[in-house]
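Participant: Given the coordinates of chain B, assemble chain U onto it according to the supplied hints.
There are 2 protein chains.
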Amino acid sequence: MDTDPPLELRVFNLNCWAIRYLSKLRQERIGLIGDTLSQEGFDLALLQEVWSERDYCELKQKLAACYPYSHYFKSGVIGSGLCVFSRYPILDTFLYQYSLNGYPYMLQHGDWFCGKAVGLLIIKICGIIFHVYVTHLHAEYCRDKDAYLPHRVVQAWELAQFIQHTSKGADVVLLGGDLNMHPGDVGIRLLRGWTGLRDSFADTERFEGCEDGCTLVPANCFINKEELQPFPLGIRIDYILYKGLSRFVVKCDSLMTTTGTAPGKSIPYSDHEAVIATLCVKPREEAKASSSSAVEPELVDVVNEARTEVRVGLHAAERQRYSNGRMAILALLLLLLQAAMGLSSLVGWDSPQPFPKFSFSLLSLLATVVLLLSMVLYVFHTIEVKMLQGTEEQMRLALQALQDKLSSM
Amino acid sequence: MDTDPPLELRVFNLNCWAIRYLSKLRQERIGLIGDTLSQEGFDLALLQEVWSERDYCELKQKLAACYPYSHYFKSGVIGSGLCVFSRYPILDTFLYQYSLNGYPYMLQHGDWFCGKAVGLLIIKICGIIFHVYVTHLHAEYCRDKDAYLPHRVVQAWELAQFIQHTSKGADVVLLGGDLNMHPGDVGIRLLRGWTGLRDSFADTERFEGCEDGCTLVPANCFINKEELQPFPLGIRIDYILYKGLSRFVVKCDSLMTTTGTAPGKSIPYSDHEAVIATLCVKPREEAKASSSSAVEPELVDVVNEARTEVRVGLHAAERQRYSNGRMAILALLLLLLQAAMGLSSLVGWDSPQPFPKFSFSLLSLLATVVLLLSMVLYVFHTIEVKMLQGTEEQMRLALQALQDKLSSM
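Sequence order for the protein chains is B and U. When we follow the working numbering, the leftmost residue of the first sequence carries the number 32, and every step to the right adds one. When we follow the working numbering, the leftmost residue of the second sequence carries the number 32, and every step to the right adds one.
Looking at chain B on its own, in the form it has when it is part of the complex (with noise of 0.2 Å):
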């Protein structure tokens, strides 16, 4: 072990809108990332929303020379949009797919053909293990009547319950992303509360940037001004968290998020703002037994309020597949009474007024349409039941462990 010094790491995240034909200055915009993260030099650069690997491998080429290790993480139809740059040795990876991710017939957002996910990268860097982790959460469109706050949530738990379950091995535990949660909101304090991560902006002793460390702000030029009018200051959604395990402590020294545009540029680096952290990670001076070991009181209450999240999710989504079954009912009904009569007109039993051939065929057309979607429909909200039912039974175990060991302290 070589670390009596503390070690100093300095990590950028960022995410990066590089939607192909869809994201304004994408080329330009992904240049300039390419040109300051080589430049800067940091140590880790966690990247969202990379989702064309040609953006990705244009990157890699340019920034081989400072970050000779990088990641992709594939994922979903587009791609997880995932990637990370390291300046050390990336010793192993694993992604863990999101059971919910929104749905397929909402095209216009989009979120479920990404198969949103987290990665997780092992990094060795001075004989310290790090673990990594960089993910995307599913997207909020409507603050007042978000409809997949059900799956947000459902998803920072994942999230939680996978960074707890693979850490057991690290040193320390990094978590970059777009977590598209209010510091407030019930899943980043389920989050918080589970992993005992802590929130570089909140820890930072220097901060400079953008007032409240928003990461979205009105002074983007790519930002929609009406969408954040609520928020006149901006929200912070993007995040860099971390913990110390076992032998080491880590704070973090200073933070800091670009304010609008990229440093002595014109334009920003994208619709979020970059968030970069200088971390100090150093031995733990006693052996003092892990803190994550303590409970909070108040972790009770926020599992509680997520799980209350997770039943408004579930009696949506058994609504959703019942009237998904229904119609399927109905349209097949349709379709056999329609083959009824085409059968009776064949066989001579014609009525005295025939309905007409082609509304009787577009009809027939559009049943058939109908009985197929539904039924799919169906299949896909019978799994969404299943798995916000797995999740409130998880949520329910995680309660009672939480309970017993309160009640045991």
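Note that these hints are calculated values from the structure, not bench results. Computed from a predicted model, the values in this text were never measured in an experiment. Some clues are possibly wrong.
Below, a list of computed lysine to any residue pairs in the SDA-like style, where the Cα atoms sit at most 25 Å apart [said to hold, decoys possible]:
#	chain 1	residue 1	chain 2	residue 2
1	B	155	B	177
2	U	155	B	432
3	U	282	U	229
4	U	388	B	227
5	B	436	U	155
6	B	199	U	278
7	U	199	B	316
8	U	176	U	408
9	B	313	B	227
10	U	256	U	52
11	U	91	B	257
12	B	388	U	121
13	U	55	U	293
14	U	388	B	393
15	U	313	U	108
16	B	436	U	121
17	B	176	B	255
18	U	199	B	277
19	U	436	B	93
20	B	55	B	91
21	B	313	B	328
22	U	155	B	227
23	U	388	B	397
24	U	155	B	431
25	B	155	U	227
26	U	199	B	224
27	B	55	B	144
28	B	436	U	120
29	B	388	U	234
30	U	155	B	328
31	U	199	B	280
32	B	176	B	213
33	B	93	U	278
34	B	155	U	390
35	B	91	U	413
36	B	388	U	391
37	B	155	U	435
38	B	199	U	388
39	U	155	B	155
40	B	55	B	257
Facilitator: Frame of chain B, contents of chain U only:
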């Protein structure tokens, strides 16, 4: 730590073949399984193919006194079929769904609808932390032309990776399940080589049961003898695997399988034989380094072999995606042509011999159905391609890490 005398653990594993309305004598067999579990008082019972939650609840009620702790893993359309009954408290659970699991349109096989997964349970027995994994991989329907082999290899890889990444905090790792792989198959060699798990059949001091430890045997009355013709003794696809970590060693004192019928009864528990292991867990004598860090040079060949299978699957998936894309384009062209013809007849440009209206409508119905289905399948196979590419890349990285380790040894 009160485990100086060795801990003896009796583990029961069974694929229960409990499909409502389809499996023969299901209710009698579930009753029989419940009776046996309750009489024998195992420490852990790992069950697969308990598809109906009603059957699980029936078992849970019956076994409440003997196995006060239990868990059912929900997933997929039907449910994962995985459940566990335990004499000791279950502290936490976690589910990982395999990213590939057959095809939704293979209705006669149905694996896709089950959401095949691996369930993790954390159980503390006499101060020892057990990570218990229960799983069921994709079935093999035709050994000579096994279209699902790449999916099963991906599942075996994900299972191995999941176990490796989530077992760092464990004292003992235990895996039970129907792996649908013969002992020499690439997937099982990959799983065992990567995780260091030991096979209770290969390691036991005393074995009693079917020859070669087979768990699908011709003596079982529910077995289709034709399918087992190439294997007159039967095949072994159900396993109990284990390893001790850090401070503990595990060995298998004795192993048993049923032999075509439930002991003392005229019918079997299932179409699979039950596997019953008596494991002995004791503290490691010397505090030597964990043996799992030693790398076997053969593992490189196994990972390479698995990677080749994944590549074969990738080519097949790319072909499927291509043919679905082509079909969708053809159906779209036909629909456009028909729309043009329909419009031209509306504006009075009738051709001298018009296409019969009924056939015209039937054709458009067909084209619409084909367009919809091939679009959905195109999306599905694109996801398959992405996941196979991702696995192949992960295996490449793993091989690199293995070779680095070997060369530094």
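Participant: For each hint, tell me whether it holds in the structure or not.
Facilitator: Checked hints:
1. B:155 <-> B:177: Violated, because 40 Å separates the two Cα atoms, which is more than 25 Å.
2. U:155 <-> B:432: Answer holds: residue 155 of chain U to residue 432 of chain B is near 12 Å, not above 25 Å.
3. U:282 <-> U:229: Between residue 282 of chain U and residue 229 of chain U the Cα gap is close to 9 Å, so the pair holds against 25 Å.
4. U:388 <-> B:227: At roughly 68 Å apart (the allowed maximum being 25 Å), residue 227 of chain B and residue 388 of chain U break the hint.
5. B:436 <-> U:155: holds (14 Å)
6. B:199 <-> U:278: holds (16 Å)
7. U:199 <-> B:316: holds (24 Å)
8. U:176 <-> U:408: Measuring from Cα to Cα gives roughly 22 Å; hence the hint holds.
9. B:313 <-> B:227: Holds: residue 313 of chain B and residue 227 of chain B sit about 18 Å apart, inside 25 Å.
10. U:256 <-> U:52: Given that 25 Å is the threshold and the Cα spacing comes to 22 Å, the pair holds.
11. U:91 <-> B:257: violated (54 Å)
12. B:388 <-> U:121: violated (64 Å)
13. U:55 <-> U:293: Holds. Residue 55 of chain U to residue 293 of chain U sits at ~15 Å (cutoff 25 Å).
14. U:388 <-> B:393: holds (11 Å)
15. U:313 <-> U:108: Cα-Cα ~41 Å, so violated.
16. B:436 <-> U:121: With Cα atoms ~13 Å apart, residue 436 of chain B and residue 121 of chain U stay inside 25 Å; holds.
17. B:176 <-> B:255: holds (19 Å)
18. U:199 <-> B:277: Holds. Residue 199 of chain U to residue 277 of chain B sits at ~13 Å (cutoff 25 Å).
19. U:436 <-> B:93: violated (29 Å)
20. B:55 <-> B:91: holds (22 Å)
21. B:313 <-> B:328: Outside the cut-off at roughly 29 Å; violated.
22. U:155 <-> B:227: holds (22 Å)
23. U:388 <-> B:397: holds (17 Å)
24. U:155 <-> B:431: This hinted pair holds, its Cα atoms lying about 15 Å apart.
25. B:155 <-> U:227: holds (22 Å)
26. U:199 <-> B:224: Holds: residue 199 of chain U and residue 224 of chain B sit about 22 Å apart, inside 25 Å.
27. B:55 <-> B:144: Cα-Cα ~21 Å, so holds.
28. B:436 <-> U:120: holds (13 Å)
29. B:388 <-> U:234: violated (73 Å)
30. U:155 <-> B:328: Satisfied, since the Cα-Cα distance of roughly 23 Å is no more than 25 Å.
31. U:199 <-> B:280: holds (20 Å)
32. B:176 <-> B:213: holds (15 Å)
33. B:93 <-> U:278: Violated, at about 47 Å.
34. B:155 <-> U:390: Roughly 67 Å separates the two Cα atoms, so the pair is violated.
35. B:91 <-> U:413: Holds, because 24 Å separates the two Cα atoms, which is no more than 25 Å.
36. B:388 <-> U:391: holds (11 Å)
37. B:155 <-> U:435: Satisfied, since the Cα-Cα distance of roughly 14 Å is no more than 25 Å.
38. B:199 <-> U:388: violated (69 Å)
39. U:155 <-> B:155: Since the Cα atoms of residue 155 of chain U and residue 155 of chain B sit roughly 31 Å apart, the hinted pair is violated (cutoff 25 Å).
40. B:55 <-> B:257: Holds, at roughly 18 Å.
The structure fails hints 1, 4, 11, 12, 15, 19, 21, 29, 33, 34, 38, 39 (numbered hints given earlier, in ascending order).
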